[in-house]
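Those protein sequence lines, which keep their order, are chains A and B.
Residues 1 to 272 (this note's numbering) make up the first sequence, in order.
Residues 1 to 268 (this note's numbering) make up the second sequence, in order.
Rather than coming from a laboratory, the hints here were simulated on the basis of the structure.
Even glycine gets a Cβ: it sits at the ideal position worked out from N, Cα and C.
Incorrect hints may appear among the rest.
As the list claims (entries may be wrong) - With a straight-line cut-off of 27 Å between C-alpha atoms, the simulated DSSO-like cross-links for lysine-lysine are:
{"#": "1", "chain 1": "A", "residue 1": "152", "chain 2": "B", "residue 2": "168"}
{"#": "2", "chain 1": "A", "residue 1": "152", "chain 2": "B", "residue 2": "147"}
{"#": "3", "chain 1": "B", "residue 1": "137", "chain 2": "B", "residue 2": "147"}
{"#": "4", "chain 1": "B", "residue 1": "253", "chain 2": "A", "residue 2": "152"}
{"#": "5", "chain 1": "A", "residue 1": "228", "chain 2": "A", "residue 2": "165"}
{"#": "6", "chain 1": "A", "residue 1": "165", "chain 2": "B", "residue 2": "168"}
{"#": "7", "chain 1": "B", "residue 1": "147", "chain 2": "A", "residue 2": "177"}
{"#": "8", "chain 1": "A", "residue 1": "163", "chain 2": "B", "residue 2": "29"}
{"#": "9", "chain 1": "A", "residue 1": "177", "chain 2": "A", "residue 2": "212"}
{"#": "10", "chain 1": "B", "residue 1": "206", "chain 2": "B", "residue 2": "137"}
{"#": "11", "chain 1": "B", "residue 1": "253", "chain 2": "B", "residue 2": "168"}
{"#": "12", "chain 1": "B", "residue 1": "259", "chain 2": "B", "residue 2": "29"}
Stated by the list, open to error - If the Cβ cut is set under 8 Å, some of the chain B residues that face chain A in the computed set are:
{"#": "13", "residue": "6"}
{"#": "14", "residue": "9"}
{"#": "15", "residue": "50"}
{"#": "16", "residue": "155"}
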Amino acid sequence: MTDLSPVPVRRDYVDGRFGQIHFRVAVPEFPSAHPPLICFHMSPNSGRIYEVFLGHIGSDRTAVAPDTPGFGQSDPTPQPPTISDYAAAMGDLIDSLGFDEVDVMGYHTGSETCVELALQRPAQVRRLVLTSVPIFLEEELQEFRDHYGPTKLTEDGSHLVEKWKGHLFWAGPGWSKEHVAVHFPDSLLRPDISHWGHYAAFSYAMADSISKITQPILALNPHDDLHKHTQRAAALIQNGHIEDLPGWGHGYLEVRTEEACDLIRGFLNSEV
Amino acid sequence: MATVRCAYVDGHLGQIHLRLAGLGSGSQKRPLLCFHMSPYSGVIYERFVSELGNERLTVAPDTPGFGNSDVSIHPPEIEDYAQAMADVIDALELRSVDVMGYHTGSETAVELARQRPGHVHRLVMVSAPIWSEQERKTRPQIFSVTKVSEDGSHLQAWWQSAMYWSMKGRNLDDIGRVFPVRCLNPDISYWGHRAAHNYDLAAALKEVYQPILVLNPDDDLVDFTPRAAPLLQNPDSYILDLPGWSHGFLDLKCQETAKIVRDFVDDG
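Chain A extracted, bound-state conformation (with noise of 0.2 Å):
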């Protein structure tokens, strides 16, 4: 029997076409047979948000969560970058490492760099698993991109208050202030600049690409601010299914942990 003990995460740097990439890393205690894990986070966050999960999910495969560039402590691109140069950085960071076949766990943005990613590199990643899969309609694009846009800073303060309440309104169940106040000031991070994940999110071709995947998807559908557009990915995965999950919302990866990691577990650790 595995001993499924939490393990230490511990964060380290590898250099990446665009500079720096940051990451968090957990690693068995004993030599795994299972691919590692690597879990690209959402925007405007950082690997932080995976720590927790790290630990976990690391006691039976190495498990690690990069800052993509920009975010976090990696180094930005020069310029906006696309989803396509986000996988590419990703792609970097599993060579730095010295990986072979990986698989790959996206949470929103992030799982639109999983699946470039398995379109860039179709013999390397064997598995996805997707939190939300973005199928964004072309007025809803609009609406987004007017939404999110640069970090305007104000004298008084008051962009903080706006930022703040709109992350306890999408706070999931269980998931406390005291969790938010955790994660809350990587979105902080480079005001001018925190937009360029949302923006490559929201040009991204996610519905062509994600139809050419032909590996195994398992898509995670909680019931958050991308719900409804997650549920228009069942007829494009070819390869999968999307696991609708009532009652979980932003935070789940800390607010359920161990439920999390039996289904992903579950599925990475199935016969195909």
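Given the coordinates of chain A, assemble chain B onto it according to the supplied hints.
Here is chain B on its own, set in the frame of chain A:
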């Protein structure tokens, strides 16, 4: 301007995150270690590290519990912070270093010089807060857990405080660049102030014989720093008043500060 890179080293309180420039440049000048104020991180030195990194290894660690460094299990004292900074010296295999500290960091610099007299060559302190016993008792109680509020008012209060204490010319972008680290770990972000409050800086200064340059900007400690003058042991030590300078001067007066520091640490 040198490229600033980031790295981690291991210390006795866990991983320590560093910003550094000038590593492997072969410079003959002594490395400079820079310790930040509470509750920020080495990010306050980012431009300064870039400015000095062309001529010497310049390193700005995040002290334990701040920035990206691991949080210690128990609230640390200044002695613990200094030990962690000594871990950085050992991990980078440095011998003689100059040290610079800002508020809490200036106490860490003094304590490091006391713990490692053979390693620390000269010190630059940004402020040297000497409190009377009465002031210690009556100072406002800022040393407690921040209550995270539903309405975000805690964030607004922090922002407005940062604005209030900023020197003239520091703009919103300058503050916006460093402010996020101020919001990290709200449950323990008072630990730095707590340690600083517990530390007997007056007694420690009397035991440090290296030359010390004390910079005294017009900030929240301007009235308390001059009291350090009679405590400085080395005849080359002195206090330099910096009227009109306040928080943000490491960015706004980056080159001037680099010259002041360079002239002092390279002298002798």
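Comparing the hints with the structure gives:
In summary, the hint linking residue 152 (chain A) to residue 168 (chain B) is supported, as the alpha carbons are separated by about 21 Å, within the 27 Å threshold. Distance hint between residue 152 (chain A) and residue 147 (chain B) is fulfilled; the C-alpha atoms sit about 26 Å from each other, no more than 27 Å. Distance restraint check for residue 137 (chain B) and residue 147 (chain B): the Cα-Cα separation of roughly 23 Å lies within the 27 Å cut-off, and the hinted pair is therefore satisfied. With a C-alpha separation of about 25 Å, the suggested pairing of residue 253 (chain B) with residue 152 (chain A) holds against the 27 Å cut-off.
Using a Cα cut-off of 27 Å, the hinted pair residue 228 (chain A) and residue 165 (chain A) holds, with the two alpha carbons roughly 22 Å apart. Distance hint between residue 165 (chain A) and residue 168 (chain B) is unfulfilled; the C-alpha atoms sit about 31 Å from each other, more than 27 Å. Of the pairs offered as hints, the one joining residue 147 (chain B) and residue 177 (chain A) holds, with about 10 Å between alpha carbons and a cut-off of 27 Å not exceeded. For the hint pairing residue 163 (chain A) with residue 29 (chain B), the CA-to-CA distance comes to about 45 Å; that exceeds 27 Å, so the pair is violated.
Among the hinted pairs, residue 177 (chain A) with residue 212 (chain A) is inconsistent with the structure: their alpha-carbon atoms are about 40 Å apart, more than 27 Å. At most 27 Å may separate the alpha-carbon atoms for a hinted pair to count; residue 206 (chain B) and residue 137 (chain B) meet this at roughly 23 Å. Distance hint between residue 253 (chain B) and residue 168 (chain B) is fulfilled; the C-alpha atoms sit about 11 Å from each other, no more than 27 Å. Taking the CA atoms of residue 259 (chain B) and residue 29 (chain B), the gap is near 14 Å; set against the 27 Å cutoff, the hint holds.
Interface restraint check for residue 6 (chain B): the shortest CB-CB distance to chain A comes to about 6 Å, inside 8 Å, so the restraint holds. Look at residue 9 (chain B): its Cβ only gets to about 11 Å from chain A, farther than 8 Å, so that hint breaks. Look at residue 50 (chain B): its Cβ only gets to about 14 Å from chain A, farther than 8 Å, so that hint breaks. A hinted interface residue such as residue 155 (chain B) counts as satisfied when its beta carbon comes closer than 8 Å to some beta carbon of chain A; here the least separation is about 4 Å, so the hint holds.
Of the hints listed earlier, those the structure fails to meet are numbers 6, 8, 9, 14, 15, in rising order.
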